[in-house]
Amino acid sequence: MSQIHPKNMAPVFLNRGHFTNQRLIHIPFKIRFKHAVQRRISWLFFPVLAPVIIFILRYVRKNRIEDHKKIRMLFKRIAGESKIPTLICANHLTKVDSIFIHHAFASLPYYWFHFRLFSWNIPAKENFWKNPRDRLVTYLGKCIPIVRTGSPEHHKEVLDTLRYLMHKGELCTVFPEGGRSESGRIDVENVRYGVGTILTGLPDYRVLCVYLRGRTQEGISDMPSKGDSIYFDFKVITPQSVAKGRRAERDISRTIIQKLKEMEDSYFAGTNN
Amino acid sequence: MEEKQVKQKVLDILKPYVREPEDLANATDETDILNDLKVNSSRLVDIILAIEDEFDIEVSDDEADDVMTVGDVIKLITGKI
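Line order of the protein sequences matches chains A and B. Note that the first sequence covers residues 454 to 726 in this note's numbering. Note that the second sequence covers residues 4 to 84 in this note's numbering.
These are computed hints drawn from the structure, not numbers from a lab. Just so it is clear, the structure is predicted and the values come from calculations on it, not from any experiment. Mixed in with the good hints, there may be bad ones.
Cβ pair distances, simulated, as ranges [unchecked claim]:
#1 Arg601(A) to Asp59(B): 28 to 38 Å
#2 Asn584(A) to Met4(B): 50 to 60 Å
#3 Asp56(B) to Val641(A): 49 to 59 Å
#4 Arg638(A) to Leu37(B): 17 to 27 Å
#5 Asp59(B) to Gly533(A): 41 to 51 Å
#6 Asp59(B) to Phe498(A): 53 to 63 Å
C-beta atoms are modelled at their ideal positions from N, C-alpha and C, and glycine is treated no differently.
Input sequences plus hints: build the corresponding full structure.
Take a look at the structure:
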């Protein structure tokens, strides 16, 4: 009987899907170390920073999320009980959408004990880098800055990092439109294929499509209106494509944006309200 | 296929992604696709895929990254057909 030498054994994940690319899941030690340190520091400062932000949202801005208990219960069941790489894809109307997504999905103590579920974000560097306070807050908020007009190498590094973090069980949030929805509605034609690039390099994944919107929100703004209640809906999908390479990335990205558009349509049709 | 024909096909492919049709009408080999034609950078993938379909060629990521101008696209295509 032939014996399989450990040296000849491929990592398990190599056999789980034809899009898997081991090279893409591994990132340089320097970057892994940088984000491991950031994650630890974020966790340490979380009990100090997060309550202040939530206090501002709930008691100063008086924004509340509709069906909050139900959302948290479902999220715990979906994300808390499984480590399948999960990407949160949301529509984008205000600068604080990612904070509302954090706040909607779990309580602060839950995040403290399950910090992998406090998702990583990729804000545009040009939006916050000049202000030291914003830089600090985004660093502590598990953010990886991206330069929108950056080189393909820079974009690849960020996407590879997100894929690596997801593979390790961390959640990540992206906005498939690449920025806020200028018209106030999801622009299906404006989808960025980076979301597909992240996912096609993973052996297994799922996407949490999130649609959130202040009830009085018309177009884009920095924050939701004071006192506005936030409609929040999410669906889990596993977009797939039989194509390969860029075509698969495009198919997957389009499936996600179409799902978000459907969710928006059902919001305006009032079917989920 | 002649370079002139390739250029015409490339311009036809670019047409739906260009904001100002006049910019395309005045396009030369030196015209920058992102800066001069103001094509949304996220649509470059669609353009590359359309080129692959139209000319029945494959374009690698590295080759796609090097494409900046209309002339670059024509050079890339003529080098493969």
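Outcome of the hint check:
1. The beta-carbon spacing between Arg601(A) and Asp59(B), approximately 33 Å, falls within the hinted interval of 28 to 38 Å.
2. With their beta carbons about 54 Å apart, Asn584(A) and Met4(B) fall inside the hinted range of 50 to 60 Å.
3. Taken as a hint, the range 49 to 59 Å is violated for the pair Asp56(B) and Val641(A), whose Cβ atoms sit roughly 21 Å apart.
4. Between Arg638(A) and Leu37(B), the C-beta spacing of about 25 Å keeps the proposed range 17 to 27 Å intact.
5. One distance hint, 41 to 51 Å for the beta-carbon pair Asp59(B) and Gly533(A), holds here, with the actual separation near 49 Å.
6. The given range of 53 to 63 Å is respected by Asp59(B) and Phe498(A), whose C-beta atoms sit roughly 55 Å from each other.
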